[in-house]
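Enquirer: Here is how the chains run, residue by residue.
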Amino acid sequence: MAGMTGILQTKRNQMIALAVLGVLLFILPFAAGALGQAWVRILNITLLYVMLALGLNVVVGVAGLLDLGYVAFYAVGAYTWSLLASAHFDLHYPFWILLPLGAFLAALAGLLLGTPVLKLRGDYLAIVTLGFGEIVRILMNNFDKVGLPWSDETYNITNGPRGITGIDGLNFFGFKISKGLELFGLQITPLQLYYFVFLAFTILSIIGVSRLQHSRIGRAWQALREDEIAAKAMGINTRNVKLAAFAFGALTGGLAGGLFASMQGFVSPESFGLLESVMILAMVVLGGMGHIPGVILGAVLLSAMPEVIRYAADENMQQKIFGIVLIAPEVLRNLIFSLAMILIMLFKPAGLWPSPEKK
Amino acid sequence: MADMLFTAEGVTKRFGGVTALDKVSMEIPRASIFGLIGPNGAGKTTFFNTLTGLYQVDEGKFTFDGKPLNVKAPHEVAVVGIARTFQNIRLFGEMSVLENVMVGRHVRTKAGAFGAIFQTPATRREEAEITQRAHELLDYIGLSKRAGDKSRTLAYGEQRRLEIARALATDPKMIALDEPAAGMNATETIALRELIERIANDGTTVMLIEHDMRLVMKVCQHLAVLDYGRKIAGGTPAEVQRDPAVIKAYLGGAHTEVTK
Amino acid sequence: MDVLLQQIVNGLVVGSVYALVALGYTMVYGILQLINFAHGEIVMIGGLTSLFAAKGLLAMGAPPLLALLVAILAAMIACAIVGVLIERIAYRPLRNAPRLAPLITAIGVSILLQQLAILVFGRNYFSFPELISKAPIVFGPITVTLNEIVILLTSFGLMAALLWLVHNTKVGTAMRATAENQKVAGLMGIDINKIIAITFAIGSGLGAIAGVMVASNYGQAHYYMGFMLGLKAFTAAVMGGIGNLWGAMVGGLILGLVENVGLIFVRGDYKDIFAFVVLVLVLIFRPQGLVGERVAERA
Ligand SMILES: Nc1ncnc2c1ncn2[C@@H]1O[C@H](COP(=O)(O)OP(=O)(O)O)[C@@H](O)[C@H]1O
Ligand SMILES: [Mg+2]
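Protein chains in written order, with the numbering used here: chain A, 1 to 359; chain B, 1 to 260; chain C, 1 to 299.
Treat the hints as calculated values from the structure; they're not laboratory data.
Bear in mind the structure is a predicted one, so any value in this text is a computation, not a measurement.
Glycine included, each C-beta is placed from N, C-alpha and C at the ideal position.
Mixed in with the good hints there might be a few duds.
Distance windows between CB atoms, simulated [what the hints assert, rightly or not]:
id, chain 1, residue 1, chain 2, residue 2, range
1, A, 116, C, 33, 22 to 30 Å
2, A, 16, B, 112, 33 to 41 Å
3, A, 153, C, 138, 33 to 41 Å
Restricting the straight-line Cα-Cα distance to at most 30 Å, the calculated cross-link-like pairs of lysine-lysine (DSS-like) are [stated by the list, open to error]:
id, chain 1, residue 1, chain 2, residue 2
4, B, 61, B, 72
5, A, 119, B, 61
6, A, 119, C, 271
7, A, 320, A, 11
8, A, 358, B, 61
Please model the complete structure; the sequences and the hints are all you need to start from.
Expert: What follows is the structure, given as structure tokens:
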């Protein structure tokens, strides 16, 4: 009997914690908005990073496949949206086609990458995925003048390094998100509306990913990560299981990419470099590989930290404290950031919030 | 002729210059306990690795359950009904004890990603079955109390038993155990012996590689002895113990005593 | 045909530099199974250090050859020290940590070194003085510079020296033993930590020289020069078979050749793709790399 109430109590506590969290997440964009819309944008970007980190966590954290080119899938999603909903080709497909399509194409790219690299182990896999990411970026950079061997005519597909501008926002069935919304006298800006859309997708991703992780296929991924030979002996078809991991990770990335393009209104290859892949990987590892709360923490920390440092270390602040600007803020920001990465790993090699010892 | 679950015929496996298995043949009757013994480096583990598809044989063939055993990939072996443990324990260390056994159910279940994400009734039913069966197996080997712990935190003997439970979870017709008593103390070994006998009584054929001769002679109905990749003797424990070739092999390369 | 010959020569020059850098990656990988992500930044430090040393010496009136030699020495010392420090501070404490932990610190170190280089040297592209003549020398269809000839000969000399060191000296034997099996090497009385430090010092020294070569060949150096170079050199190391010295050299040369010969057929914008396309192709057909041996999995 006592045990029963104990469980009820923790259940109740959980509900209360969840409710508090819900209220906080609801207030957050308005609090940030009071400081300036730039802060709302930072929140939104943070949510996208949470999605990306969750997606990469499926591949690296759960299935143990080191992927250094993950941002390529983000790019596929972003460019799918940008090309089919912008002035570039004057196409304007709706979101309910573009988001699934971007996710699907990204997953396809995941399979495309996964198939040839299946036999590679560990670090070989890392470098090939890295190469794949670079290939995608270079193609985006150069597909502004695609020529056919038999003719001199060239076609501008991606607009090259200049990127694509004038991208449609996330418009719902005739509702223009760029106009904002007034609800019960509450003025909601476009960026705040994006916040709620992104939050919804983030929550869906968390639910989806954690359900997957605790399912038959999720266990197969973990088994693969822990010991491939033993996993095979248990009858797990490691080839299919690996491909599934690549596809699911990519799918999440593609989804986030579409959302990113819709909010930014502008995409260029610069946003999808190796450093971006590395950042997402760092979020997963610093947070705690394979442990969803840890991965979320890692994503929030690493995407918010540079912005906070940027604010704290700006010229005015240095002027006030030292009387002169000692270090360019950008450099100082990267210095602190990289030092933090090193120190966290040195002192918490399993990440800030690794999966608990007892389940 | 008795009903044979498994036969090997002229199995040969070479690694570069080393012939690890040299025309090895054997037959294992259904629901029996069969011992594979021999000095270190004799080729016992290699035999397991070939029959479970980890290595391809150079010559020879296997039959299992009346059909030729043609495995091209290791994961197909579990489907056919052969499960194994490893000499150097290969558990999924960061997964819980229960999850390790649940992985064993993979091959007998079929829920996919769609079912998992949308938590379809069929998936939930299957997941409940998997969990229940895994708990039963933990009971069977006496590890229920540790169900939630990461498997790498188990003691050595417990890890060996967990590997057996994980293998049993695949509903095998034959379970192949590679030195399950290695590193176990006397009490643990006795418990292991009871476990092995229980498995055979419940209808699963056991193939056992073991150095602990006392254990082998007590539990096995039939033995095969390997030495330098060749089968030098076979028969009942009593017959094998009397075989001069066996005595010579063991005294020559001596690691373990035969008799006692 | 003439173009082909010319591109082969260019490819060999670039490839020999890739090979030197690739050796640094492969030596560390061979011993620690770690991708030393910061190695590209070591090359950058070599380039910038030598550049400023050479400029300073020239300003004091030193003859170009002396300035060059001293600059190389300064770069090697600086890089060896940085390399050894990185290992000591950022990698050694994580030798038994989860496999990805040191990779993340390596990435952190790489970013940190770039920022420190900005602080110390600045963000600009600095021009490297012409210490060895870059006047074109024409051999029939091929045009080279003395600078390029020196780069090519020095690289090959250094590679030969490294192979000799690894196969014919006590330190080399200890390095091979450590790479083979650290535990056993330790039991045989080899000071593992010392050998690893020496490995980093040698790899960084080679990287430093590569940095000088790149800076002098392109006539400039900047804080970001190590990034793409490091990436390609690592690709070369993997392509050859990571952990294998011959593999790094073969991989580096092939990569340089493929890139430059490929330029004849495909537009220059795609140059950076070759490296990765070739890598993917090689690994599909030989997952262990060109020179690496195939290791059977044991159970
Ligand atoms: N993957 C492999 N590559 C090369 N040689 C191997 C491999 N696996 C086993 N061997 C060799 O085969 C022989 C038999 O080994 P093994 O089957 O492990 O013996 P046992 O299990 O009877 O002690 C040994 O000489 C061993 O070195
Ligand atoms: Mg063995």
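Enquirer: All hints, please: hold or fail.
Expert: Do the hints match the structure? See the list:
no., hint, in the structure
1, A:116 x C:33: 22 to 30 Å, "23 Å, holds"
2, A:16 x B:112: 33 to 41 Å, "36 Å, holds"
3, A:153 x C:138: 33 to 41 Å, "39 Å, holds"
4, B:61 x B:72, "13 Å, holds"
5, A:119 x B:61, "27 Å, holds"
6, A:119 x C:271, "27 Å, holds"
7, A:320 x A:11, "49 Å, violated"
8, A:358 x B:61, "45 Å, violated"
Comparing the model with each earlier hint shows violations of hints 7, 8; every other hint is respected.
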